[in-house]
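Undergrad: Each protein sequence line maps, in turn, to chains A and B.
For the first sequence, the positions run 0 to 385 when numbering that gives the first Met the number 0 is used.
For the second sequence, the positions run 0 to 385 when numbering that gives the first Met the number 0 is used.
No wet-lab data here; the hints were simulated from the structure.
Keep in mind the model is a prediction, meaning the values are calculated, not measured.
Misleading hints may appear alongside valid ones.
Computed list of chain A residues with no C-beta within reach of chain B, every gap over 10 angstroms [as the list claims (entries may be wrong)]:
hint, residue
1, D81
2, A189
3, S297
4, L316
Incomplete in silico selection of chain B near chain A, CB under 10 angstroms [stated by the list, open to error]:
hint, residue
5, V137
6, Y187
7, A189
8, K216
9, V261
C-beta atoms are modelled at their ideal positions from N, C-alpha and C, and glycine is treated no differently.
Number of protein chains: 2
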Amino acid sequence: MSDQLRQERLARVALSQVFEPGDYRLSALVRQLDAVGVAEELRRQAQDGVEPEVAQRLEAVNAEGLLAQGEALGIRYVIPGDAEWPAQLDDLDRLSATAERSGQPLGLWVRGAARLDDLERSVAIVGSRSATTYGADVAAQIGAETARAGFTVVSGAAFGIDQAAHRGALAVDGRTVAVLACGADRVYPAAHAALLMALVKEGAVVTELAPGEYPTKGRFLSRNRVIAALTRGTVVVEAAARSGALSTARWAAHLNRPLMGVPGPVTSASSVGVHQLLRESGAVLVTDGNDVLELVGSAGEFAPTQTRTPVRRRDRLPIGHQRLLDAFELDRALSVDELATRARMGLVEVSASIDQLRRGGWVTLHDDGWRLTEQAIPGMQAAPSP
Amino acid sequence: MSDQLRQERLARVALSQVFEPGDYRLSALVRQLDAVGVAEELRRQAQDGVEPEVAQRLEAVNAEGLLAQGEALGIRYVIPGDAEWPAQLDDLDRLSATAERSGQPLGLWVRGAARLDDLERSVAIVGSRSATTYGADVAAQIGAETARAGFTVVSGAAFGIDQAAHRGALAVDGRTVAVLACGADRVYPAAHAALLMALVKEGAVVTELAPGEYPTKGRFLSRNRVIAALTRGTVVVEAAARSGALSTARWAAHLNRPLMGVPGPVTSASSVGVHQLLRESGAVLVTDGNDVLELVGSAGEFAPTQTRTPVRRRDRLPIGHQRLLDAFELDRALSVDELATRARMGLVEVSASIDQLRRGGWVTLHDDGWRLTEQAIPGMQAAPSP
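Just chain A, with the same shape it has in the complex:
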C-alpha cells in the first residue's frame, strides 16, 4: 500500500470522527483537496483563529488506533483509491449540493467477505419496520429471487421488511449486505444479533461510522443515501405514510436509479407510503423478483414475465370457430339454425364447425340444443378487444 494512500486513509478516519456522515460541504472540500489536504487546511485556519475547536478535535483522533481496532474485529476501512471502492458512489458527488446529508462517504467500514466492488450488481429492498406478514413474505420472496439471479440484496438490517429481504437472500445462499447507521461492531437492533452474524459470514455489514459509533436519527437518514447509491435500484415493499424507507426511495429517484414499489391492500396502513410513491413519485409497480430484474438487469438480460397474458386456447381456434362460439348464449341452448342466423354463417359451415368444437370439448349437445361447456365459458370474461 502506498504511503500516500495510507495517509489519506488516516485523514479520512480522522475527519469521519469530527464530521457527521453526509456533510456535503466537507465532501465537496475532500473532492477538491483530498482528506489530507482538508485536514491541513483546517489546521491552518485554526492558527488564524477560525474554528480552532474543529482542528483540536481532529488532532485528538487516534486514527491509527481506530484502524487497528477495526482490524482486530475483522473490519476494514475502504476508501476511494482502493481497488474495492464501489465506483457507483461517485454519483452522490454529482448531485446538486442542496440536498441535506448528501455527498460521497469519506470511506466505508466493511465487515464480511463480500467485496464492495461486487455490489455493482445489487438491488436495495427496503421497507417498514412494522411490516405485515404479507410484506415480509413478499420481501423475502423478492430477496430470494433477485439473489438467485446473482444480485446482491442490500438493506438496512432493521426489523420488518429489511430483515425479511436479507433472510430471503440468505435462504437461497445468495449474497446480501446490510448498510448500518452505527459502527460495524455494534448489534443494532439487539434482537438481530444472529442476522448480523449471518450477514458478516455470508455477505457483509457496511457503514460510514467507525467501530463503536451509535445510531442517531441523522445517521439513519445518511445511511439511506448509501443504500440507494450502492445499488442499481431500490424496491420499497411496505412503507407507512412517513416511513424511513421513503427517504431511501427519494434518494434512488434523486440518483436516477430505478425506483420500484410493491403494492398492497389499500386498507393496509403499511402500504400507504408505497401507493403514494407509485401514484406520485414515478415509482414502477413490481410484483415479484422477475419484475425487479427486468428493471435492474442489463438491457435484454431478463425478459418480461411471460405468464401475465397467457394466450388462451380459445384464441388459437380458427376464426370461424371463434365466431360460432361467440354466437352462443350463456343461459339457453340453441339449435344449429339459430346458431347459423346469429353467427351469420351457412348451415353447412355451422354443422361442420360445431362437430369439431364438440370434439375439442367446447360445446355439448343437450336435449334442448347446443350449449357451451365449462371450458368455453371462462373465455367469456376474456377480452381481446379493443
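Model the placement of chain B on the given structure of chain A, informed by the hints.
TA: Chain B only, in chain A's frame:
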C-alpha cells in the same frame, strides 16, 4: 314527438334486431344516412340482389310491437335526438373504425327513473366476478364515496366487484346504473334479481339490446364499451389476468377517459390484471373515493387527500430544537456536554433548548443522562430529506 323522430326510432329498433351491438360499419352508415336512410338503402340493395336476407330479416321485425312490449315493462328506447340522449356517447363515433365492436349504440333501452343525460357526472366501477372480500369491500366503499359526492356509479350488475359497487352506492341512497348485455327485462345473473329490482327503482338498467334478448360473449364485450363511454372515468377494482373488466379498461383508455386501478396484494390472483394496468397501461393508482373524485371531478372541485403526508409536530419545532433532537442517540443517554459537541451548539443554547424540549415531552432526564421520549422516537423513521 315529431313523426321523423318516431320513424327514426322504429328504424333503429329494427336495425338493432338484425345487427349485433357494436357493428362499426353499421354505425358509420347510420351516422351518414340515419337509420331510416340505412334501412331504405338495405331494401334497395336487396332489390339488386345484394344480401337480400338482411332486408328480409329487417322487414320481419315488429318494431312497433317491441316498443310497446318495452313500454308495458317500463322500458323506454332512447335514441340520439331525444333530450335524454347522453352526448358523451358520441365519442365512440370519433374513434378510429378499426376497433372491434365499436361505434355509437343505435339507441339504449332504459328501465328506471334515472335519466341518461344525468350520467354526465358518473364513474364506472368494474372488476372481477370472482372478487375477494377485500375487493368487494373496496368497491363498495368507492361506490359509496363517489355516489355520496353526487356521481352516478355505473357498472355491469355482475357478480363480485360490479354488484359490490352498485350496493355501495345504494347503501348511501346514491344513484347507480347497470349496463346489461341482454334485454332490460331479463334477470341475468339470476341470483341478482333483487339487485336489478333495486337498480330499476333507485337508478336504472340500461342496454343496447331489446327486451327478450339474451347475453352472449360478444354482447358482453360490446356492453363494456358503453360502460366506458357513458362515464367520466373507469375504476378497476380487482381483475384477474384476463378479466373482462380489462376490456372496459381498454375502452376507457381508448376514449381518453381517466383509467384508474385499485392495487391489492401481489399474492392475489384477483389483482394481477389491475397491477398490469397500473404497470403497463398508464392507469392511475387510486386507493379510495377521494382519489377517484380528484380524477373525475371538475378541475379544482375535489382536493387531493390531505391526510397522506401529515406535518409531524416535530417538523414544526424551531430548527435548533430539531438539530438537538437529531443529535440524540437511540440506545444511550447523553450528557449536555456530549449533546453540545454532537449538535455543534453552545452549552448555553443546549441547556435552554433541552429544557424547552423536556417541557414539550420530547426528552427526559434519566440517571445516566438525557434520552428521547417515545414521542420523539417515531420521528426517527420519518424522512424529510432529501
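Undergrad: Would you mind marking each hint as holding or not holding in the structure?
TA: Hints and how they fare:
no., hint, verdict
1, D81, "holds (27 angstroms)"
2, A189, "violated (8 angstroms)"
3, S297, "holds (20 angstroms)"
4, L316, "holds (13 angstroms)"
5, V137, "holds (6 angstroms)"
6, Y187, "holds (7 angstroms)"
7, A189, "holds (8 angstroms)"
8, K216, "holds (5 angstroms)"
9, V261, "holds (6 angstroms)"
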